[in-house]
Each structure stands twice: as C-alpha cells, then as structure tokens.
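Peer 1: Given next are the chains, with one letter for each unit.
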Amino acid sequence: MKAIGFIIPVVLGVAWEVVVDSGLAVGRLMPPPSVLWRTTAALAASGELWTHVSATMTRIGLGFLFGAVAGTFVGVLTGASGFLRQLLDPSIQALRAIPSLAWVPLFILWLGIFETSKLALIAMGVFFPVYLGVLSAIEGVDRKLVEVGRVFGLTAMGIALRITGPAVLPAWFAALRTGLGLGFMFVVAAELMGASEGLGYLLLDGQQMGRADSILVAMIVFALLGKACDSVLVAISVPVLRWQDTVRARL
Amino acid sequence: MTQLTISHVGKTYADGTEALRDIQVRAAEGEIVAILGGSGCGKTTLLRLVAGLDVPSGGTITVGGETLSGTHPAISAVFQEPRLLPWLKVGANIAFGGQRLEAAERQRRTEALIERIGLAGYGGRWPRDLSGGQSQRVAIARALIGHPGVLLLDEPFSALDPFTRASLHELVLGLWTELKPTILMVTHDVDEAVTLADRIVVMKPRPGRVHDSMAMDLPRPRDRLSSAFELMKRRVMRTIDRSLADERPPAARPAGPGGTSPWL
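Residue numbers (this note's numbering), protein chains in the order written: chain Z, 805 to 1055; chain H, 60 to 323.
Extracted from the complex, chain Z is given alone in its bound form:
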C-alpha cells in the first residue's frame, strides 16, 4: 500500500520526460527527470554533492541539537514552575512573534558571517516549537494521573519522572518533528546568507548560473534528507510510544 504514494510523482515525471523528449517543450527552466539524474550523477561523481550534503547536515544536526535541548530544558522549567512560567513565558512569546529571518542581520553583526550565526539561526527556528510543545504538554498532563502518583507516595521528582515525563513524550516527539521541519527551513535561509557550501548554496548558485537542474537537484535532496531525518525520529519514537492507544498504533 505504501507504494501508492509514488504513483503521482512517477506519472508526472514520465509524462514530462515524454513531453520534452517529443519536442513539445524545451525543458530549460523545468528539466525532465533524465537531466536531473545526469546532474545528480555528475555532482555525486565529482564529490560536490557530498560536500554540500555533509555541510548542510552538520549545520542541521548541530542547530537541531542546540535548539531541541534548549527548547526542552526551558519548556520543562516553565512547565514545572508557575513562577518561572510567569517570569519567562511572556518574553519568549514576544521573541517568538518576531519573524525568525528578521534576526539574520543581527546574528551576522553579533556572531559574524560564518558558522556560528548559521547555527544560531537554525537553533532558534527549532527552539520555539519544541519549547511550546513541551510547555503545553506539561500543562496538559492529566491531573487524575498526577493524583495517582500522589496517592501512591511519589515525591515531586517521582511524579516528574514517572508521570509527567512519560505523559509528555508523545507531544515532545511531535514538537521535535515540527522543530526538525523548521530546522530544514532555516538551514536554507542560513546558507543563503553567505555560505560557500551546502545545499542552500547550491540553490543560490543554480539561480545565479541559470541552472534550473542544480536548483531542482538541491530541492529533491532537501526533500529526501528531510524525509529521512523525520523517519529516523519516527523510528526512535515508535518503541518508546508503543503504549499509545491511537489510530496510528492500531494501523
């Protein structure tokens, strides 16, 4: 059944290949799959593709790590303490309202044009959804289950580890997936602001050189990497969340 998802892209690809091959269209601005394949093979053979992929993935990995750890940590703090929530949450929500790309000039001024500012931008993109997901999940923990912990003698730390922790796990994984998606969005922005390697750079280079095929290859690789990273997160979450009584668990 999973193969059904391939039908539309394959049909569209084959149809476009036929259209260009028969001379009905030139395909310069929208190259057919055969051209994209040749471009990909050439980039792979020269090693250029791996350079770009590894640069992008390193940025995503580090930015996601920093953003997810910070978002989880601050989310747990504000979720656990009403005082900290009142102290920190209004400021964080105000910062969240600023479009993240608006930070780019300031990050470049503060942190320079190189890696640090890029990582900061990606981490910030990941931070907000993770923070918000963790905070709302903690606020939404079923009071009745917390009472079970209290009746059976758990301390506040015991309740945090044995009730609140497991209860927020599903929302945490969902927040991480959202954060990862935003991380991919922000890595493009980061690599557009003066990188010499990375898939974002490949996009910019393709635009400047008039190479639609390079742009499309970079986009397809982004899609594959994004999907692969998301699948890794899902694969990690499946054994941890196998207790869930959800439609998905029953499928």
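Among these hints, one or two may not hold up.
With a straight-line Cα cutoff of 20 Å, these simulated EDC-like cross-link-like pairs (lysine to aspartate or glutamate) come out [claimed, not checked]:
id, chain 1, residue 1, chain 2, residue 2
1, H, Lys239, H, Asp257
2, H, Lys148, Z, Asp946
3, H, Lys148, Z, Asp1034
4, H, Lys239, H, Asp74
Treat the hints as calculated values from the structure; they're not laboratory data.
Given the coordinates of chain Z, assemble chain H onto it according to the supplied hints.
Peer 2: Using the frame of chain Z, we list chain H on its own:
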C-alpha cells in the same frame, strides 16, 4: 488494620462555596463504611480530603491515631475511573501501588495479585487491551498491593454493567476478608452500599452534611434476594428520602410523616 476518624471536617472553596460542613465519621478497624448520597452532596470531596489530595478548611482526619497532613502511606484509593498509567503494562501498573515495598516483595505480590484478580497471563499486556471491568480489577490490585490500612473507593463500580459490578463486589469482599483494610467507599447505589457495607452514612447536600448513620447488621455473604436484604434497602431508602425532604421547601414536602416515598 487501621481506624479512621473524620472529626468536624469542613471544606469551603476559595470562591466561597461550602462543600462540606461539620462531617463526623468514624470507621473502626477493618470496617466497611459506605457514604451514600446524591450528586453534589460532597461525597467525593470528602474522599479527596481523606486521600490527602485536598486540604480541609476545618476539623481533623486521623488514621491510626495520626493526624493527616497530606497523602499517607496507610491510605490507598480506587477511583471512579481506573486511572491506569497507559505507558505501564498491567503488571507494572499493579506494582506501581507498591512504591514502598522492596523490589522482590513487590514482584511476588504483583504476581500473586494478577492471579487473584483473575487476570493470569495479562501481566505483559497494555492497559488499552483491557475491558472496563478488567481495568478496574487492576486498579483494585494496585490499591491493595501495599496492604493499606485504609482503602478508599470512589464509586469505582458506577460505570460498569451489572454483571461486572457484581463480580467486582465479590472480588473486593474477598480481598477485604483476606487483608481486612478499613474501607471508606462512596456510592449513590443503595444496593451496592447494602451489599458491601457494615455501616452506611447518608449525606445530604448544600452543603454536604451527615444526615444519618445506620448499621448494616446483615450476615455475610449477603443474599440480594433475601427479604432481610430488601428490608434493609427500604430502611436506607426511607432515610435518604427523609434527608431529601429536609432540603425541600415546606410546600414540596410529602404531607405528614406517612407521606408517600418516591423510592417505594
């Protein structure tokens, strides 16, 4: 076995709502006391105070002579809904109630209880795979694994069908016979109260107060079809009726002491 004493307990919420006024209930060691009353008479509030989940506005609650100031290791509870932790398997949910036991003893009691509640082979299953009655059995086992001195039952059978309810009554009575905890249960089911309790405390609402306390001196096991059981039920229903009549404005009360009871 532990004696439970509720002394002049009142509860008024921050918004000024008075939920309970001057409640006095005493449960002797190993006694089953049923708190009976309609919705809104503060039954569950009272149980939450005894469980240590809420703080009384006045009065004291003592368990085995010790005044309560929060949850107490000798007090355990079964709630209206099973409240099993969905991320723990059945066996682990039962073991969860034995936080204070050593690991080996907790394991031994868990295995024994799984057998005792008729769920042998279910220890490795998830709560989502259980029926309502099975889940409530697990909740009862979780509440009893630590051999509590006082067991609180907050209408744990109210959402179950009559067949499951009857089998759970038997289970609770069987486990009570073995472990003899003092049981304080709240219910709105007269039949259930007469089946299980040694004493029934009838409450009246707005604010919740004790209307009457009646001894259920029927021998055990109790035959629901016997005339003695039926007579006891009628006595309880009349008491409830009187508690309600006290609450109605004079015009709405039945005429005189011989007025027709809506229960009969």
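Peer 1: Would you mind marking each hint as holding or not holding in the structure?
Peer 2: Status of the hints after comparison with the structure:
no. : hint                 : in the structure
1   : Lys239/H / Asp257/H  : 13 Å, holds
2   : Lys148/H / Asp946/Z  : 18 Å, holds
3   : Lys148/H / Asp1034/Z : 28 Å, violated
4   : Lys239/H / Asp74/H   : 40 Å, violated
Hint violations for this structure: numbers 3 and 4, all remaining hints satisfied.
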